[in-house]
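Enquirer: Work the whole structure out from these sequences, hints included.
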Amino acid sequence: MKVLLNHPVREVDVKGPRRVKDLLKELNLLPETVLVVRGDDLVTEDDMLRDDDRIEIRPVMSGG
Amino acid sequence: MRCRKCKDRAVLEIPRHHTAFCKPCLSDFICAQAERAVTEEKMFTKTDRVLVAVSGGKDSLSLLDILRRLGYQADAFYVDLGIGEYSRQSKARVEQFTSARGIPLHVHELKEDEGAGINELADLVHRPTCSVCGTLKRYHFNRTAVELGYHVLATGHNLDDEASRLLGNVLHWQTEYLDKQGPTLPASMDGFAKKVKPLFRLAEREIAAYAIVNKIDYIVEECPNSKGAKMLLYKDILNRLESESPGTKQAFYWGFLAKQEAEAKTRPSMTENDRAVLHPCITCGQPTTAETCSYCKLMARAKTGPAA
Numbered sequence: 004m005k006v007l008l009n010h011p012v013r014e015v016d017v018k019g020p021r022r023v024k025d026l027l028k029e030l031n032l033l034p035e036t037v038l039v040v041r042g043d044d045l046v047t048e049d050d051m052l053r054d055d056d057r058i059e060i061r062p063v064m065s066g067g
Numbered sequence: 005m006r007c008r009k010c011k012d013r014a015v016l017e018i019p020r021h022h023t024a025f026c027k028p029c030l031s032d033f034i035c036a037q038a039e040r041a042v043t044e045e046k047m048f049t050k051t052d053r054v055l056v057a058v059s060g061g062k063d064s065l066s067l068l069d070i071l072r073r074l075g076y077q078a079d080a081f082y083v084d085l086g087i088g089e090y091s092r093q094s095k096a097r098v099e100q101f102t103s104a105r106g107i108p109l110h111v112h113e114l115k116e117d118e119g120a121g122i123n124e125l126a127d128l129v130h131r132p133t134c135s136v137c138g139t140l141k142r143y144h145f146n147r148t149a150v151e152l153g154y155h156v157l158a159t160g161h162n163l164d165d166e167a168s169r170l171l172g173n174v175l176h177w178q179t180e181y182l183d184k185q186g187p188t189l190p191a192s193m194d195g196f197a198k199k200v201k202p203l204f205r206l207a208e209r210e211i212a213a214y215a216i217v218n219k220i221d222y223i224v225e226e227c228p229n230s231k232g233a234k235m236l237l238y239k240d241i242l243n244r245l246e247s248e249s250p251g252t253k254q255a256f257y258w259g260f261l262a263k264q265e266a267e268a269k270t271r272p273s274m275t276e277n278d279r280a281v282l283h284p285c286i287t288c289g290q291p292t293t294a295e296t297c298s299y300c301k302l303m304a305r306a307k308t309g310p311a312a
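Chains as they are written, first to last, in my numbering: chain A, 4 to 67; chain B, 5 to 312.
There could be a bad hint or two in this list.
Taking lysine to aspartate or glutamate and the EDC-like style, the derived pairs with C-alpha atoms no more than 16 Å apart in a straight line are [stated by the list, open to error]: (1) B/Lys9 / B/Asp32; (2) B/Lys219 / A/Asp49; (3) B/Lys219 / A/Asp43; (4) B/Lys50 / B/Glu39; (5) A/Lys28 / B/Glu295.
DEER-style ranges, computed between Cβ atoms [claimed, not checked]: (6) A/Lys18 / B/His176: 45 to 51 Å; (7) B/Val281 / A/His10: 38 to 44 Å; (8) A/Gly42 / B/Arg92: 34 to 40 Å; (9) A/Lys18 / B/Gln178: 45 to 51 Å; (10) B/Thr179 / A/Val17: 45 to 51 Å; (11) B/Thr296 / A/Leu32: 46 to 52 Å; (12) A/Pro20 / B/Thr179: 49 to 55 Å.
Simulated from the structure, these hints should not be mistaken for lab results. Note that the Cβ used here is the ideal one computed from N, Cα and C, for glycine as well.
Expert: Written out as structure tokens, the structure reads:
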């Protein structure tokens, strides 16, 4: 699957299928700090991602 | 995962509340939490005019959306800091959001009114950019709300902002700042707008989810000046604690507020304290503890160069 990451913006390929929580663990991301977006939709940690999915991992932290 | 309210497919799990919501129930939850904050903390009523300080980010645009949805008279105020492409993009988001919904928008342009953007001003006075930015924004938020006759100024500060700020203040024992960490600051005297934070009950992840499910086009990029900021470090630490022990952030900040409220009965009020130390700035007339307010001092230094 294609995974779009922010800060900085980049795209990585990850083999599917796999659960959102496993993907975040593999990318070393804390679930509390991101949202996972597929198309127009948010997915939760136990949702399954397919190999042909395009997803965005959106950071939620802001402010200085 | 299923929505705890309607059993439809959930889009967000909220471990601190042992719950999960679908899109419509998430929006209802967010609006109910904001409404609870507004009424319980006596922030404003439906007859008050509210000025919302917007940055183009998820929190402030969501706040404006939520308040309008709840039937409040909320208008927008944007300070253009002149930070190149970042400011251009954030301003475009604010203009697009407000014009699509017919929301009145007031704009203050730093480059026009102060003669330079935030980075140039910080260079001129040899002070950290975030510190200069804070001084300028606080000044213009207050002044604009007062001059345009708004009853209250609202900002998009959320639970994470307040918990991380509290952590920073406690770590450095800056107890003098703790009094001002409540979600409602009174209009203690002439020239001071009442200031409120209606999102203090909501985590920033929940607000970001609200923005996404309601298709609010906000700026995802961080301010380039916030790189390495201490507040981001404190937020990161609190998020690690929250992951291990959901509810840590709210227990920390809400617990602090409960203690403040209990102690308030035995101490002078914030209004009494403010009135004892504040008086009009000799240059601009805005309330200050010194002869000249920090904004006027900063602008004088920018014009003449820093003192040796």
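Enquirer: Given the hinted pair B/Lys9 and B/Asp32, is their Cα-Cα distance within 16 Å?
Expert: 11 Å, holds
Enquirer: Just tell me: holds or violated, for the beta carbon distance of B/Val281 and A/His10 against 38 to 44 Å?
Expert: 41 Å, holds
Enquirer: Against the range 45 to 51 Å, how does the distance between the Cβ atoms of B/Thr179 and A/Val17 compare: consistent or not?
Expert: Holds: the Cβ-Cβ distance is about 47 Å, inside 45 to 51 Å.
Enquirer: Honestly, do A/Gly42 and B/Arg92 meet the 34 to 40 Å range at C-beta?
Expert: 28 Å, violated
Enquirer: Hey, A/Lys28 versus B/Glu295, does the alpha-carbon distance stay inside 16 Å?
Expert: Roughly 55 Å separates the two Cα atoms, so the pair is violated.
Enquirer: Confirm or reject the claim that A/Lys18 and B/Gln178 have a C-beta distance inside 45 to 51 Å.
Expert: 49 Å, holds
Enquirer: For the pair supplied as a hint, B/Lys50 and B/Glu39, confirm whether the alpha-carbon distance does not exceed 16 Å.
Expert: At roughly 11 Å apart (the allowed maximum being 16 Å), B/Glu39 and B/Lys50 satisfy the hint.
Enquirer: Take a look at whether the Cβ-Cβ distance between A/Lys18 and B/His176 falls inside 45 to 51 Å.
Expert: Holds, since A/Lys18 and B/His176 (Cβ atoms, about 46 Å apart) stay within the stated range.
Enquirer: Take a quick look at whether B/Lys219 and A/Asp43 sit within 16 Å of each other, Cα to Cα.
Expert: 8 Å, holds
Enquirer: Determine whether the Cβ-Cβ distance between A/Pro20 and B/Thr179 falls within the hinted range of 49 to 55 Å.
Expert: Since A/Pro20 and B/Thr179 have Cβ atoms about 53 Å apart, the given range 49 to 55 Å holds.
Enquirer: Straight-line Cα separation of B/Lys219 and A/Asp49 no greater than 16 Å?
Expert: 23 Å, violated
Enquirer: May I ask you to test the hint 46 to 52 Å on the CB atoms belonging to B/Thr296 and A/Leu32?
Expert: Given range 46 to 52 Å: holds, Cβ gap about 47 Å.
The structure does not agree with the numbered hints 2, 5 and 8 stated previously, though it agrees with the rest.
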